[in-house]
Every structure is written in structure tokens, then in C-alpha cells.
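Sequence positions in the sequence shown follow this note's numbering and run 117 to 267.
Please keep in mind that the hints were generated in silico from the structure rather than gathered at the bench.
Quick caveat: nothing in here was measured; it's all calculated off a predicted structure.
By construction, the Cβ of each residue, glycine as well, lies at the ideal position given by its N, Cα and C atoms.
Among the hints, erroneous ones may be present.
To be verified - Ranges between beta-carbon positions, derived for each pair: (1) Gly230 to Asp184: 12 to 22 Å; (2) Ala185 to Arg250: 19 to 29 Å; (3) Ser239 to Val211: 33 to 43 Å; (4) Ala243 to Gly213: 10 to 20 Å; (5) Gly213 to Glu236: 18 to 28 Å; (6) Ala243 to Glu186: 14 to 24 Å; (7) Val252 to Leu187: 31 to 41 Å; (8) Gly251 to Glu193: 31 to 41 Å; (9) Asp189 to Val211: 15 to 25 Å; (10) Arg190 to Gly266: 15 to 25 Å; (11) Ser208 to Ala185: 31 to 41 Å.
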Amino acid sequence: MLTLVHSADTVEETPEERPASVRTVLVPGTLLDFLRDRTTGPAAQAELPPVVGPAQLDDSDLHDDDLDAELMDRLQEMYRNALPARLSAISSHTVAGDAPGVASAATTLAGTSGQLGHPEVASICRAIASDARRGVLAHSRVQELQALAGA
């Protein structure tokens, strides 16, 4: 038996520990070459860009300063319009004792809130989701969330 590995780091056993019938051959780039050969389209066949290390990163690339103000306004409006339904879903799943439903709804709202600059709402939603995944339906946290969100 022949085993091809991409990196020496992936070989878990020494040659002495390996059965005689199994031989490991280190072939750099094997997996990458295999995948690229089976991918279609010009983008897949193009040369890969050089890897960018931490020294070459520009901090301004990590911020959303270039996000259009009009787009952000539209996203915030969509968030405000969807908020009552999201809060209602969390509340109704809590009342129904549906822990997976609570976790799902709270996780969704936490992600959206965090991305759109509402860290307090995101924090409470993460706590609600965490509790729900453990089977705890924290009605007091849901009330706190509704008060914070102005519902």
C-alpha cells in the first residue's frame, strides 16, 4: 500500500512504527495539484497569488471604511425592520420550550447585530444561545434583550 502525503507534518508514525506493507511518500503540493487538475475554468488553472504574511497586511484593509454610507443605511434599516420578527422568534421558542429554536434564532440575531454595530444585543443573544444549547431557557435574558432592543 502506498500513502501520499502533502506534508511531513501529516505523517503520524515513524517509519519504524509503520507496517512493512505501508509506505508513505512525501510529495509536496500533491493535494493542491490534485484539486487544481480536477477544477475547471480559467481561474482554477491560473497561477496562485503569493501568500500574504502579517507583515504585508495593511490595517486599513481590515476595516469597512470603504463601505458605502448609503449601503450601511440600507442595512441598518433592514436590521430595524427585521428586529421585531427576530425578537418574536426568540420569545416564542422560549415560551414553547424549544431550546434548538431559541439557539438558532438567538445565534442569527447575534451575528447580524455584531456585524452591524450592536454589540450589546449581540452579547445578550450569544448568552441566550449558549444557555439554550445547554437546555436552559433563560426567560430573564429574553426580557432583558427585549428591553434593550426597545421591543
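Structure-based check of all given hints:
{"no.": "1", "hint": "Gly230 to Asp184: 12 to 22 Å", "in the structure": "holds, 20 Å"}
{"no.": "2", "hint": "Ala185 to Arg250: 19 to 29 Å", "in the structure": "violated, 41 Å"}
{"no.": "3", "hint": "Ser239 to Val211: 33 to 43 Å", "in the structure": "violated, 22 Å"}
{"no.": "4", "hint": "Ala243 to Gly213: 10 to 20 Å", "in the structure": "holds, 18 Å"}
{"no.": "5", "hint": "Gly213 to Glu236: 18 to 28 Å", "in the structure": "holds, 26 Å"}
{"no.": "6", "hint": "Ala243 to Glu186: 14 to 24 Å", "in the structure": "violated, 33 Å"}
{"no.": "7", "hint": "Val252 to Leu187: 31 to 41 Å", "in the structure": "holds, 38 Å"}
{"no.": "8", "hint": "Gly251 to Glu193: 31 to 41 Å", "in the structure": "holds, 36 Å"}
{"no.": "9", "hint": "Asp189 to Val211: 15 to 25 Å", "in the structure": "violated, 34 Å"}
{"no.": "10", "hint": "Arg190 to Gly266: 15 to 25 Å", "in the structure": "holds, 20 Å"}
{"no.": "11", "hint": "Ser208 to Ala185: 31 to 41 Å", "in the structure": "holds, 35 Å"}
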